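Produce the entire structure from the sequences given, and follow the hints as far as they go.
The listed protein sequences correspond, in order, to chains A and B. Here the first sequence stands for residues 1 to 291, where the numbers follow our numbering. Here the second sequence stands for residues 1001 to 1555, where the numbers follow our numbering.
To be clear, the hints were calculated from the coordinates, so they are not data collected in a lab. Careful: at least some of the hints might be erroneous.
[As the list claims (entries may be wrong)] Which chain B residues stay away from chain A? Per the calculated CB distances, all over 12 Å, these: (1) ARG1096; (2) ASP1111; (3) GLY1156; (4) LYS1174; (5) ASN1199; (6) ALA1215; (7) GLY1401; (8) ALA1496; (9) ALA1501; (10) SER1534.
[Unchecked claim] Each pair of labels, with its calculated beta carbon distance range: (11) ALA134/A / LEU1433/B: 26 to 34 Å; (12) GLY1317/B / VAL28/A: 51 to 59 Å; (13) VAL97/A / PRO1302/B: 32 to 40 Å; (14) TRP49/A / LYS1486/B: 54 to 62 Å; (15) VAL42/A / LEU1372/B: 37 to 45 Å; (16) GLY153/A / LEU1367/B: 39 to 47 Å; (17) GLY1346/B / TRP49/A: 56 to 64 Å; (18) GLY153/A / ARG1235/B: 33 to 41 Å; (19) THR46/A / GLY1346/B: 37 to 45 Å; (20) GLY1472/B / PHE117/A: 54 to 62 Å; (21) LEU1372/B / GLY153/A: 30 to 38 Å; (22) VAL28/A / ALA1288/B: 42 to 50 Å; (23) ARG1235/B / ALA143/A: 18 to 26 Å.
It should be emphasised that the depicted structure is a prediction, and the values quoted were computed from it without experimental measurement. We put the beta carbon where it would ideally sit given N, CA and C, even for glycine.
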Amino acid sequence: MTVDTTLAEEHSRHWFPALRLRSRRVPVPVLVGTAVLALWVVVALTVQWWAPFGPLEPTSTRLSGPSLTHPFGTDALGRDVFTRTLYGAKISLRIAVIVIAASAGLGCLIGAVAGFFRGWVDEVLMRISDITLAFPPIVLAMAITAALGPGIGNAMIAMIIVWWPVYARLLRGQILVVREQDHVLAAVAMGASPRRLMARHILPLSMSSVLVNATMDFGQVVLLAASLSFIGLGAVPPEPEWGAMIRDGAARFYHWWVAAGPGLAILSVALASNFLGDGIRDFLDPSSRRR
Amino acid sequence: MLGTSRRWPYLVLVFLLLIFPVACGSGSSTPQEGGDATKAPTDAPSNGEQSGKRLVIARHTDINSLDPHRAFCDTCQIVITATYQRLVGLDLSDNRTLIPQLATEWSSNEDLTQYTFKLDERATFADGSPVEAKDVKWSLERLHNLKGSPSFFVDGLESIETPDDRTVVINLAKPDSAFLAKMASPYAAIVNSDLAMENGATADPDADTTDTAEAWFMSNSAGSGPYVLVSYRERDEIVLTANENFWGDPPAIKDVTIREVMDAVAQRQLLEGGDVSIAMQISPDVAADMQSGGDIIIENVPSFNFLYLVLSPGARGLGDELNPKVRQAIRYAIDYEGLIEVTLGGAGRKQATAIPNGFLGTENLPLPERDLDRARQLMAEGGYPDGFTIDARYPNMNVYGVDFNIMMQKIQTDLKEIGIELNLQPIEFAVWLEERVDPGIPVSAGYYAPDHTDPSQYIEYFGMIPGGAWAGRVGGPDAGDVVNDKVVELYAQALAASDEATRADLYGQIGREMIEEAYIIALMNPDLVLAYRSDVQGMHYSGCCNLEIAKLSWK
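And the structure:
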């Protein structure tokens, strides 16, 4: 990966200067992604004040198809699928934010230590992450959650354990590249302390890919959390979690709306975070931009 | 994880693929499973020539073994009933009367400890050799000595005498009025002892370690039934063909395949497409919008299956929460009609206690009713006017068309009305089997299907008697005292009574005790959906054996 010099100069002056909006046309997918995610965040924060029904409240009709009163129909217990899907955003987005923040934080810390100190520290930490990465994420997450017992908290712990090595490896790789660059070597020559080197010269340049990754992973974490709930390891009934709702609907092919609402919700979040992640990468790393 | 910056077209493609089946909604029959299974001609004319047509049955099989004395599963019942015979059979018109099968007549002594059977002289095995008393003796001893899952049917077996080739005398250690019904269970199959012994089977007391015939039984049958086993491929298909040497009326359909089809939706599609003629596990919800008439016939028939809630006051970590008053309160708090509606779309019935509707003694038992005032009062009397929070762990399953998650969420809503908060935790079936013993599960749920037609099995499984299955669990791993002496006494009387009216009365009294104890609360008795193509005749539900294939014919 090459970083052009102007960008490197900017990095040395500002924390995340690349995030400043330049006078460039923002691509449509990025706009869509941002809008969809923003909408979901607003929904998650405010749904309790305006949702038409309660998430656990049985209405008069069960398994009725989409209608004006129930845009996504009702489930087997007569609960409004639309309301439950909206409430599901609270659970799913909270899981995604916590898991991404924790695994990125943990992963970056480990990656930075490994990349900066090298030697045996690097060896030990990277072998641990190799071992974790050697398992398919869903299988490892299933095993950990099954061992800890079903529940959202345990599912989140499992997902953090599965996810941190991605960030550790990513940041370590970035640091290895950046620390050999001229401006860093110059700073070393001028006698900068390790802390200052890390904070002012190395991390700012390395963080961009972590941010891109975190945005893209957002959708994947939502998907993994839903998968765990789908197989009964994540959210326990009657929580309106998207995966658990799809599970309720999976056995009811002829009442497709029970699974369709939460399914569309997961799809929109996953797509939006991909769009947004692509867009952010284009901003931060012009060399990978394609027109 | 960086991916390409233009991955979204692929995601859109995946999305379109995902919504495709939904968009095609209730479209008829697109998805096909398996390739080359014999296709039933969908609109062939109804004429006699169809007798050569193969009958294909769709079923999610759960076979643990096809050795009749080791098997213990619903699909096993069907296959073993087709390939083997028992001493007595079951009259399908009432699912209770016993009829001659290998035995033409039978009698018992006064105190029900000795049963004598006279074998039919015409009876022969599929290889042409006669069915003799030694085969009966060998088979029942093998069933006993294998110590397998169905061995408990002959628990009380003391000795078997064979005065001549046609007479069998069975001596029991204790009176057992249910013994004849047990002999009608498929697992009491009479096996061709010479043929089985040639292939490693033995009936010796150490049969559980020295018998090596199980693998042979997985691809061969050695019975006198109307069919013989042609082949069995796990999770694929079971193939049967008519027994050419059958000594009774030959079955109307010669070739039969039971095809593995996992879920109700796939079964429905295969049935609608004409790929199978019978679909055995279509749930009431999936059947709800199917039209009966025309090519396909849908019948809801009463079954003997039921689902229950079980309360274990002895579970570890529990205080006095599940005392008798609270258990009664829970029984009154559940909205049974609503439960049947949300889980089965109404296709089920209430059941008084853990003895299914239609069994001896259940006629006059009071069905459960929701009464919230009474439930709240009982909660107060039990010392918990404000309720409590308690764990409910249950197998994460879908049985008889009932999704346990839906069922438990409904009960959670109901119990909230009297202040009880259930922490729902669906768990794996294998985990459930362990946890219900140790540490015990405070609130759980289960299901049960009969193995024979006598109510005794329900007392043994659900009654609070020494050695009772749930009696050993609800008291917790530290074996709290849950034995109900009155039930023990009544049950001993019932086993020693030969008169049906007396037994009905005794089982009725036991039922009332079980209702009063409320460790086991029967939730519902789901209907069974018989779904088949209109050219199949004689479709039925058998109380001992699920389905007797030999009773089917082409129209």
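Evaluation of the provided hints:
1. ARG1096: holds (34 Å)
2. ASP1111: Answer for ASP1111/B: holds, closest chain A Cβ roughly 51 Å.
3. GLY1156: holds (41 Å)
4. LYS1174: holds (44 Å)
5. ASN1199: holds (41 Å)
6. ALA1215: holds (32 Å)
7. GLY1401: violated (9 Å)
8. ALA1496: holds (46 Å)
9. ALA1501: holds (43 Å)
10. SER1534: About 21 Å separates SER1534/B from the closest Cβ of chain A, which puts it past 12 Å; holds.
11. ALA134/A / LEU1433/B: 26 to 34 Å: holds (32 Å)
12. GLY1317/B / VAL28/A: 51 to 59 Å: Given about 57 Å between the Cβ atoms, the range holds.
13. VAL97/A / PRO1302/B: 32 to 40 Å: violated (52 Å)
14. TRP49/A / LYS1486/B: 54 to 62 Å: holds (57 Å)
15. VAL42/A / LEU1372/B: 37 to 45 Å: Roughly 40 Å apart at Cβ, these two residues keep to the hinted range, so it holds.
16. GLY153/A / LEU1367/B: 39 to 47 Å: holds (41 Å)
17. GLY1346/B / TRP49/A: 56 to 64 Å: violated (36 Å)
18. GLY153/A / ARG1235/B: 33 to 41 Å: holds (36 Å)
19. THR46/A / GLY1346/B: 37 to 45 Å: holds (38 Å)
20. GLY1472/B / PHE117/A: 54 to 62 Å: Given a distance of about 59 Å, which is inside 54 to 62 Å, the answer is holds.
21. LEU1372/B / GLY153/A: 30 to 38 Å: holds (34 Å)
22. VAL28/A / ALA1288/B: 42 to 50 Å: With a Cβ separation near 44 Å, VAL28/A and ALA1288/B satisfy 42 to 50 Å, so the hint holds.
23. ARG1235/B / ALA143/A: 18 to 26 Å: Since the Cβ atoms of ARG1235/B and ALA143/A sit about 24 Å apart, the hinted range of 18 to 26 Å holds.
Violated hints, in rising order: 7, 13 and 17; the structure is consistent with all others.
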